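Asker: Residues per chain are reported as follows:
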Amino acid sequence: TQLLEQSPQFLSIQEGENLTVYCNSSSVFSSLQWYRQEPGEGPVLLVTVVTGGEVKKLKRLTFQFGDARKDSSLHITAAQPGDTGLYLCAGAKGRDDKIIFGKGTRLHILP
Amino acid sequence: DTAVSQTPKYLVTQMGNDKSIKCEQNLGHDTMYWYKQDSKKFLKIMFSYNNKELIINETVPNRFSPKSPDKAHLNLHINSLELGDSAVYFCASSQGFGSRYNEQFFGPGTRLTVL
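Note that the protein sequences, when read in sequence, are chains A and B.
Counting from 1, one number per residue, gives the positions in the first sequence under my numbering.
Counting from 1, one number per residue, gives the positions in the second sequence under my numbering.
If you are wondering where the hints come from, they were derived from the structure by calculation, not from laboratory data.
Errors might be hidden in some of the hints.
To be verified - A short list of chain B residues far from chain A (calculated; beta carbon distances all over 12 Å):
id	residue
1	Thr13
2	Asn26
3	His77
4	Ser80
What the hints assert, rightly or not - To give an idea of the chain B side of the interface with chain A (calculated C-beta under 10 Å), a few residues:
id	residue
5	Val60
6	Phe64
7	Pro66
8	Phe97
9	Tyr101
Nothing here was measured: the structure is a model prediction, and the numbers come from that model.
Every residue, glycine too, gets a C-beta built ideally from N, C-alpha and C.
Bound-form chain A, shown alone (with noise of 0.2 Å):
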């Protein structure tokens, strides 16, 4: 069972246009963090999300916490090439906060 699910698997937009990517659980999280990895390198940290509603922007990045602590999305306003990569969203739960990372949204970004 995959605890986290993102959406969509793969997303191929122009330059400049806004896109929306989604991590899904019906579990509950202490806390959510997104990851951008980039190929031959390992995952960055972007942002961790604590509280449930809980909004973050990282320059053209808006990131959400769902109010129930069960989802996060990642919103990027007038896309670059530069944001092209393997986003991941992990969460932690359980008496360790152990971290569950979701498969991934492989996002293209194109000139």
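With chain A's structure known, arrange chain B on it following the hints.
Answerer: Relative to the frame of chain A, chain B by itself:
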């Protein structure tokens, strides 16, 4: 200065061999992890150590044995390598564990290919 480093970057070996991957972090973090990322890019935790003590041990064949000589190092030894072990293995560290301390800092990965 590299925060989390792994060696080797690439490892190509025959089935049945034994190999080790090394990881070091210079962030002063207490917790270190090993992850496996398969060909479909699914990242799955294998082990976690906090201050040299094993705290997470997922359902991983016992051919995989982690070792943490000190809190800055976490090595992974794999015995009797199988074709299905081919993957990218990532080491990561975090300040601690618990939702406010578990932001992961990843190494560059070790691409293991078993022939």
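Asker: The structure should be examined with respect to each hint, and the outcome stated for every one.
Answerer: Hints and how they fare:
no., hint, in the structure
1, Thr13, "20 Å, holds"
2, Asn26, "15 Å, holds"
3, His77, "21 Å, holds"
4, Ser80, "27 Å, holds"
5, Val60, "14 Å, violated"
6, Phe64, "18 Å, violated"
7, Pro66, "16 Å, violated"
8, Phe97, "6 Å, holds"
9, Tyr101, "9 Å, holds"
Comparing the model with each numbered hint stated earlier shows that hints 5, 6, 7 do not hold.
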